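Undergrad: Take the given structure of chain P and dock chain V to it, following the hints.
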Amino acid sequence: MEHVVIIGNGISGVTAARHIRKLSDKRITIISSETKYFFSRTALMYVYMGHMKFEHTQPYEPWFWKKNRIVLKKGLISKINTSNKEVIFDNNETLAYDKLIIATGSKPNKFGWKGQDLEGVMGMYHKQDLEKLEKFAPDNKTCKRAVIVGGGLIGIELAEMLHSRNIPVTFLVRDKSFWNGVLPAQESEMLNKEILANHIDLRLGVNLKEIKADENGHVKSIIIEETGEEIQCNVVGLTAGVSPNIDFIKESEIEIERGVKVNRFLETNIKNIYAIGDCAQQHNAINQRPPIEAVWYTGRMMGETVAQTICDNKTAYKPGHWFNSAKFMDIEYQTYGWVWAETKENEARFYWEHQSGKKCIHINYDKKTHQFIGINTFGIRMRHHFFDKVLTEKRSVEYVLEHLADANFDPEFYKLHEPEIIAQFNKENNSTIQLKKKSWIRIFSKS
Amino acid sequence: MKIIKQTGLIIFLIGLSIFIGTIFTGSFRLEQAELDSFIKEKQYKSTVINDELSKAVVTSEDLNIFQFSSRVIKAYENSNTHYNGLIAKYDAEKNWAKKGEQYQYKIFGKPHSLSFTLAKKAGNRLASDNTGLMWFLTFGLGIIGALLFIVPDVVLLGNAGIKNDGIFLNAATNRGWIGWFAFIFLVTFYILLYFYPDFIVNWVYLVDPISESISGNPASQWFLYGFLYCTVMSVMAVRMYIKYRHNKYQILRTTSVLFFQIVFAFLIPEILVRFEKPWYDFKNAFPLDYDFFFKWNLDELLASGGFGLFILVWGVILTIIIVPVMVYFFGKRWYCSWVCGCGGLAETLGDPYRQLSSKTLLSWRVERIVIHTVLIFVLVMTGFALYTFFSGANEVIGIKTQTIQDIYGFLIGAIFAGVIGTGFYPIFGNRVWCRFGCPLAAYLGFIQRFKSRFRITTNGGQCISCGNCSTYCEQGIDVRAYAQKGENIVRSSCVGCGVCSAVCPRGVLKLENGPEKGRINPTEILLGNDVNLMDLINEK
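Residue numbers (numbering that gives the first Met the number 0), protein chains in the order written: chain P, 0 to 446; chain V, 0 to 539.
Hints may be right or wrong, so weigh each one.
Derived DSBU-like pairs: lysine-lysine, alpha-carbon spacing no greater than 30 Å straight-line [claimed, not checked]:
id, chain 1, residue 1, chain 2, residue 2
1, V, K484, P, K66
2, V, K1, P, K143
3, P, K260, P, K78
4, P, K72, V, K484
5, V, K484, P, K358
6, V, K4, P, K134
7, V, K162, P, K192
8, V, K162, P, K126
9, V, K4, P, K140
10, P, K317, V, K484
11, P, K393, V, K247
12, P, K143, V, K4
13, V, K516, P, K435
14, P, K192, V, K4
15, V, K484, V, K247
16, V, K247, P, K52
17, P, K143, V, K162
Just a few of them, taken from the derived set where beta-carbon distance is under 7 Å, the chain P residues facing chain V [said to hold, decoys possible]:
id, residue
18, A42
19, H55
20, P58
21, L94
22, S163
23, M300
24, G319
25, D329
26, E331
27, Q333
28, W337
29, R380
30, F408
31, P410
32, L415
33, W439
Think of the hints as simulated: they come from the structure by calculation, not from any bench. None of these values were measured; they are calculated from a predicted model. In this text, a Cβ means the ideal position worked out from N, Cα and C, and glycines have one as well.
If we strip away everything but chain P, and leave its shape as in the complex, we get (with noise of 0.2 Å):
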């Protein structure tokens, strides 16, 4: 029987092994070195916060493994030998394989800052990192400050886990505005009132200098490059980013650059050895994503189609239209097809926002044929099918704001803003533009 070995036990990994049970009666074998089983890496940041235990991110139940005779085995990967067929661990036990796949995810960037190995530095991306926290930051009594350097979404889900537990926290981003290589000016101006709202010491444009220990070899404070200033501190999280995990490949033939190579079909260089997720990088970049997709969606689709192919269904991986989400302390961020931080030659944009100022859309349309680009919506739910199909259909920009009831996927009884959005944008652009009453004929109808 073919012996499926899949390095790492994220979504991606545990995403293929699932689908190729479903299809197939392959021997399955999963290595982490993380934990034994699956969890949400996403909802770490709820277990210190209290939302749930360890236990509530692991979707599956321990049977569930042996049931689908997935079998997990704990332990960390040094090499992998591509002529023997087998990986080697750690401890030099090796393990041979029919199949590989490489899902071993990221790991936070760290960019050579003095001190940055010292005890009560971390990232906040590992269970071991949690763990780590747990130790140096239970309260405000033991961890007086904390600084978290590097903005986006890691840094300010940290900054909103010291703040449920009353932790006085300094938060340095490099940008002039919070997460604003991403986020067009405005949504990126709302979040830092959000920020600054929830009382998190929000310093923009700044970087680290370096990090300084007390005796111990314990951080004792930081150093802002640009001012010189030195806040006193006992944690320090590390939020600059993630890169491919993969150094144990690097002696391998397996050809890497910043991931793991992959052509469309998820495969490496070598024959029968993938690489799916947050590692995988692709030799171009597929329409306007980047190369290398650290995002919880696109590690899952990767493993529904790897999964494919080693059941001798070859499948290219095929995103379709981008989307993403996510939370920001009190606010909730959907975004379908593409709104980028400047808008671009051909880009029209339509910016309404709620007078509580936390509540926005952004839409993106050509300037010339209204066809509509994508839409960010920041405190009001949508639904993903509706995007989906309208991206598909090019859809005018128009015809978006038109059945913008069909979009809308608040909780029921929520107050709609639909009408005073197509207000506002009528206004804008001399537009008679008449707001459809919902119709569930048209939500359900395929594209």
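TA: Then chain V, alone, in the frame of chain P:
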């Protein structure tokens, strides 16, 4: 703010301590005249009971309620023992006529209920004579303290939004020692209420004036329970309003369930009594209202003229037409989460415990077996009840209808719905009864599962499997298992509380009453990936 909160907790605990302490206060004794009128009222044929009770409780001694209760029960036992002795004697003598005569002298009824009725008359010094003051020191301090504890959350919880911070780090909400204490307290309360009402007669005194002002009658332990129920729900509803103030669905639902509890379950039945009509809760549908077709209820309704007949017809229409039609359009949530009293308590008092319900496959299996067994039990029992009502026989295939009714009343009505159903909140989550025991939930569930427009829609491929939805599902549904597959949640047990949708950080879940078509949508590959597995399968 924290100081106010802590002060509130202290005041609440003082109120609770006095409330508990009240049980042990006061003295109970009867005057001979009171006893005489009681025996006359009860029309006891026993000649022994008067002497026995007189010896026991017409006394100058200061009896506490436990001594009083044990003396009364002893007196009843003595009387019954006396006649049992005679029965045995005449039996030995084969004097059948005499033996038969003795049975009328035996006194039936639950000993603690008889003792409760007497204790209620037997006077008391503390609780009965200073009702207003004592009410303030118990209920009053409890309410004030609880509100002082709850209201500062407006500020302490920060901006409106889901704030479940620290729930699993708190001994009260994580099966810690506070949770276990709450469990012991609640279970004890229900055991006293159902099986030892005489022990809590002092509590009943506290609400006598309120009962008299509504129905014109002194309070029973059930009035006390109803009043306490409404009070607890109201106070905890304030907590719901604060916690979910950003969520209009939760606000409206809490208001609705509170309204139906206070007006329909509490005030209307009591007011009906004032107008000498049968006590009836118009929203309580069979089979949750399991004694609706019992002989005593049918007799009472039929004896109450046109109004009784109206209730009879309304009860039947509610059960066989309104309930299924409403479930078709809105799912069972219209009842379980918007109307039902049991649901109302679960959603208010029980909300802090919702995350404790088990989501394992094993508990789901147990749930399906147990809840459907209860439904079958209630249907068989009702069949028996109706058969005996119309036929006049008191047994079917050799089984006494009364026996079945007693077993159900004890096992399901008291132990399951009360002691376990509410007492186990702090350990097994807040809808133990709704999930494992309620026959109406089982009935509504069938309709919801197979013929309804209701479902929880999942939003394409947006789920990140974080598990908040599953954790906070009070019905123990593994919501995430569906959401991560992009499958709509169409489950019998979903009561549509809407909390999964509220706690989802990615906006994935929405309660919808859409068209039936496409409600069940098993998906192989999620939205976002342009592989269409169905096409692939069709191509093969």
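Undergrad: Would you mind marking each hint as holding or not holding in the structure?
TA: Against the structure, the hints:
no.: 1; hint: V:K484 x P:K66; in the structure: 19 Å, holds
no.: 2; hint: V:K1 x P:K143; in the structure: 20 Å, holds
no.: 3; hint: P:K260 x P:K78; in the structure: 17 Å, holds
no.: 4; hint: P:K72 x V:K484; in the structure: 25 Å, holds
no.: 5; hint: V:K484 x P:K358; in the structure: 29 Å, holds
no.: 6; hint: V:K4 x P:K134; in the structure: 29 Å, holds
no.: 7; hint: V:K162 x P:K192; in the structure: 19 Å, holds
no.: 8; hint: V:K162 x P:K126; in the structure: 23 Å, holds
no.: 9; hint: V:K4 x P:K140; in the structure: 21 Å, holds
no.: 10; hint: P:K317 x V:K484; in the structure: 19 Å, holds
no.: 11; hint: P:K393 x V:K247; in the structure: 35 Å, violated
no.: 12; hint: P:K143 x V:K4; in the structure: 24 Å, holds
no.: 13; hint: V:K516 x P:K435; in the structure: 22 Å, holds
no.: 14; hint: P:K192 x V:K4; in the structure: 29 Å, holds
no.: 15; hint: V:K484 x V:K247; in the structure: 28 Å, holds
no.: 16; hint: V:K247 x P:K52; in the structure: 28 Å, holds
no.: 17; hint: P:K143 x V:K162; in the structure: 23 Å, holds
no.: 18; hint: A42; in the structure: 4 Å, holds
no.: 19; hint: H55; in the structure: 5 Å, holds
no.: 20; hint: P58; in the structure: 5 Å, holds
no.: 21; hint: L94; in the structure: 27 Å, violated
no.: 22; hint: S163; in the structure: 4 Å, holds
no.: 23; hint: M300; in the structure: 4 Å, holds
no.: 24; hint: G319; in the structure: 4 Å, holds
no.: 25; hint: D329; in the structure: 3 Å, holds
no.: 26; hint: E331; in the structure: 5 Å, holds
no.: 27; hint: Q333; in the structure: 6 Å, holds
no.: 28; hint: W337; in the structure: 14 Å, violated
no.: 29; hint: R380; in the structure: 4 Å, holds
no.: 30; hint: F408; in the structure: 5 Å, holds
no.: 31; hint: P410; in the structure: 5 Å, holds
no.: 32; hint: L415; in the structure: 11 Å, violated
no.: 33; hint: W439; in the structure: 5 Å, holds
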